[in-house]
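Since each chain comes alone in its own frame, lean on the hints to assemble the complex.
Just so you know, the sequences run in chain order A and B. The first sequence begins at 1 in our numbering and counts up one residue at a time. The second sequence begins at 1 in our numbering and counts up one residue at a time.
Be a bit skeptical, because a hint or two may be false.
As the list claims (entries may be wrong) - No farther apart than 25 Å at their CA atoms in a straight line, the calculated lysine to any residue pairs in the SDA-like style are these: (1) A/LYS333 / B/PRO347; (2) B/LYS299 / B/PRO428; (3) B/LYS363 / A/VAL303; (4) B/LYS363 / B/LYS299; (5) B/LYS324 / A/TRP148; (6) B/LYS363 / A/ALA324; (7) B/LYS324 / A/TYR291; (8) B/LYS91 / B/ASN38; (9) B/LYS235 / A/ALA324; (10) A/LYS333 / B/HIS88; (11) B/LYS299 / B/PHE379; (12) B/LYS299 / B/ARG377; (13) B/LYS363 / A/ASN269.
I should point out that these hints are in silico values taken from the structure, not numbers from a laboratory. Because the structure is a prediction, the values reported are computed rather than measured.
Listed here are the chains, written in short residue letters.
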Amino acid sequence: MSVEAILIEIVDGHGRMQLCQRLRLTEISRKLTIGRSIHADVILDDPYAAGLHAAIEVMPDGRVVASDLGSVNGVVVAGKRYHGVRELDLPDNTLQVGRTRLRVRTAREALDPERPDQLRPAYLLQQPAWIAGVAATACMLQTIYATWLGAPRDLVAAVVTALGLSVAVIAAWVSFWGLLSRVMRGEWRWARHAAIILSVVAAFTALRGAVDLGWFALALPPWSHRSTWLAAVALGCALFLHLTSASPLTRGRAAQIALLIPLMIAAGNQWLQERSQRRNVNYIGEAVRIYPPMLRLSASNTVSDYFGHSAALQQAADGRLASALANEAADDK
Amino acid sequence: MFRCLFIAAIAVWLATSARAQLPAAYAAPQATSQDARNVLTVVGPALIQIKGFFGANTAQAFHGTGFAVAAGGIFVTNYHVVAERVQHPDKYRLEYRNVDGETGAITVLAVDVRHDLALVRASNYAPASLQLQTSPGAKGERAYSVGYPLDVGLTITEGISNGKVDDSFEPRIHYSGAINAGMSGGPALNGAAEVIGVNVAGYRFEQLVSFLVPVEHVLALRDRSVAPQSDDSLKQEVAAQMHAHSGDLFRALEGPIPTQRVSGYALPGKVAPFIDCNASGSPATEDPVQVVRVNCFAKAGLYLQQGLFSGDLRYAHYILTTEKLDAWRFAARLSGLTHAVGNYGLPRHVGPYACEDRVVGLKGFDAAVLVCARAYRKFVGLYDLTVRVSSLNGLQSGFASHLDIYGVEFNPGMAFTRRYVEAMEWKP
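Here chain B stands alone, though its shape is the one from the complex (with noise of 0.2 Å):
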């Protein structure tokens, strides 16, 4: 008894003293939840479930939310909801179930493979659209995710709009507050009730950390078209935006590529603004060879389908250095990263590898390059690209790169291989 009264008396303490310190002119906010009871209150008719049913199975295989953004039942998602139906047409069917439990079917309109966006249509709901604003507004001002988590029902978030993301290669908002599975399509919105983003990705593992497609590409999908298209062209569409993805791409990677220098050797470092790298090695010294390891990822990938993440690439240096060991068993050492498996596809959606392995010259070292590619089987004209760079000079410092690259057309993407290759140099 004595401990409880004890907590209450320094949690009022607590309370009392931060309101204290607080400046003059800051205004106590309202109650949030208000806020939150007039947004759902407000899109709620112009939400829908999206439900994919594999074959005659009245059984659910995924869900995702829609929301109207047009007259006459044309609604927003995203396009991995929907990208099951649209890449096997005879295999899915869409529903959807509105806010009073009607249910009715779900046409696919058009598709924005590059934003993770898809239009679509329901049949015999039409509700009024939601009001679309393009600015995410400042850092910091309160937002709210709504959709469809789990199949738990309509469900409203709240967190905070952190604006554009700094350096993506596909623009994304930052929005602190969760959006789990089955809220992916549904709006993100002001207090106002604006949508500001629609829900896309969230990290699973880590807090809060979500993310939001910017409206301007909701308005741009929009308004191409609402006509229907048929099953093919939707599957060509889907191709098409794939290639120019690959262009967009490798043009952003165009010009000199930097190097790092680790251990005499000059390396590949951060090529685009886009791209993450980060380094480890491991200080203890017991082991007899020393491993410094760089990763770099342009986090540039779409989602195709259910497995197929494409259009990335990422790399990583291994660096080696010894002092304890002899050539003989550091080279022995070495052998083991020349032709590690770095880019795992699946046999229903990529051809078997053909490989190039040489001995080459490069700039003041020989190394053992391979190269490898593979063809994609739906998307004519895609490969992947695999790299394996091994130094073969050094006797008691060595290196071995992995380059790889997805979902690219093959011109471009060899042309980028080779100047990554020609970047490297020993300069000891």
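Extracted from the complex, chain A is given alone in its bound form (with noise of 0.2 Å):
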């Protein structure tokens, strides 16, 4: 008489396991029962369930089946509830009794194969909170010099006010994204979660603030829209890493959604931002970032020259008056 092993696990949310039972079937007696009684082979912790509430089999093909044993709140097995039930097929080998989720696994099953693992040292800042700690260190000496910047009468109260705001937004950010990773997965994830934020923020700022500086330095034409690109960046990669985090999605379905929505975003807004300021009659452009006269590196322009251009500005300033007619005349239409 042979004897076959059948592992049941009982699994979260998540497909996780809870907890497991090794279980030994012959040729006798390849079927268990499942319930709150003592008689049961299975024994749930479960309100919802009958004391025998259903049964499992083992046909000798290896399929794995479930019968209801006369329960009120019958199984559930993809999804559907089934009362009075006989040898119904398990697809994916799980079922739920009651509230509870169990999953069959019997010797049959062929396993994964085993996941080298290479021996990496534990660097301290490959661990989230360290990385978290370091942003949010390099964060709030950003915070500070922005408002040192500014000058303000009394800068204690300046950075305090500021460093509220900023935790704020950011405890906010990472709320959210904590949440739902505990929806999706099942686990909070704050310090990833965290670490990721603040890391772009840092890294955004840092960036903003060397094209501004580079901007002046080099004297190149303006260019509104280079913040709202940077930080269409900054969140497509903020997207990007939460997502993988925090959702089950693939690394591609992922970086699609961060390409996506800042993009959509940033395009959006500068359409708008330029549709505002083609309508907007007393625009004049945005306000220049002064630095440091040791700081720039380009040659300025004559007065000869600059003002060699003048018929090129009267054109343009032509040209903006018949487009904003043009656009008049289309939207009365």
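Laid out in structure tokens, this is it:
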């Protein structure tokens, strides 16, 4: 008489095993009962289960089937509830009895190959909590610098206010992603989400400052949307990292979302700004960020060179008026 | 009771003592109310109230005053009284109402935008013309202003003629008397009921500082033409006068631009006599950055239509210095002044700005220079110019200069802009 082992796992909503019980089947007895009764083979602590609620059986061909033993709530298989069912196939070897989810594993199931585990030293900076701490320090220093740059009358009060606001915004953002992680993957992952947003904000702020400084040093022509597009890149990075951490999405799908949403936001924002600027007859551009004179690298234009383009300026003004009139005519239609 | 008697006794004592101090040659004035009544009796029949109506409405949109200056029902009023009708002839109509309550239609014959005058004809009403006196009289002479203020009926106010305003771009007579809304276009007269000027403006929040258009411009307009013009030709006339005004404005600004030195920078000062400049700053030192503000106004603007003053020029300098801030924070503070909007316009009058923004080497220092231009919709060839200059050389001192020019021809405007920028200099 051959003996076959069977494993009954109680799993949570995310499919992770919470409890397991190894049982033996013989050729004579290949059926197991499940319920709250002491006479059941698998005993559940579930008020929504009957004493002897359901039975599972491993057929000779290896299929696992389930039967309802006359319970009130029946059994749930593949999201559908069955009452009084007999020898119902379990497509993924899982069923729900009462509110308990069970997974049946037999010896005939093929196991995934063992994953290679390359031993790496556990650097402190590879741990989310440490990354979050370093990034938070960087963000705090940047906030203090930005406040200090404005030379407020009461620097301490201004710094405290700015830091308080920043903390509130970051906390709200991390809470959202933590909640999503908890729902989608069963874990809050506070440190990881905090590390992501703080690192992205610190990098974005540093990059924007460097770009502004470079623009001033090289006296590049104005591009008023550069902050918008830098922010879009930062948002894309943050979304990708949050999504891969908080949801079961594949990296490819997460990358698509992280590319598409910031692109739409930035393009929409640019379109709205340009439309508003075209219609705002008082708009003369955004304020230029000025830095100390020793940081300038480019040569200046001569007055003759500058005012030599005045005819082009007149044409541009006429063109903008003609464009505004054409837009109005189109709107009227 | 005792208090009232005491106050009365003091008043009698003050009156008698003041009379005793007057020179013997002084003659007591006659009762002025009689003069005012005489003036009103003479000019009353020659006055009309001019009312404007939007579309077919019977409720008025605006109103002013006019007075007869030639036979055949020819009246003078202010251009700004009839401006909406001139600019929007399909939207507005004009009517008159004389002292007897009779009404009729008004036709605009000619306009003088630069002096805010218009010649109109009243249908079926041709009273005798008023006498015109080209001399405003000596400062201090008694004068009267007549009109329909706030639609409360024919009114005369008494005041003093203070002669022509010094250093005004367009000639004006300073009248120290009340001129209120609705009296625009009415006559200002001397004691002999001769017209010395046309009511045109008053400061709403000042005390009896009002202005008249001198009579010689009325004569020039009256003698120009009394033939009716088409609506389009009137608009073209307004545009042509704006172009002429622009030319005169920049001719008056020719010559080297005088500068004033502040914190090492030489910046444009009072460019012409008609430009008013004032300077201010905060004497308090608790602010880490000290700011000196210099504001200059040409006050050469002309009223074209509702919401549109044009043909004017103004500039301002903001000179910043600090002893408490380092170069980084000082530069950040200066950044806030580089693109400040100052020249507000309405989309129905002007198009959007086109701008040129570069770093330019000026005398002794580099500066970020922004020049913007926008075209007028209905006045072809007229532009608003906006200039922003920000110094880039100072570690603890710097300036931002804002120049705004309204409704001028492009090339003369840019030529002045260039001279304005070239006049700036760093002389530590």
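Problem set entry | Violated hints - listed by number, lowest first | 2, 4, 6, 8, 13
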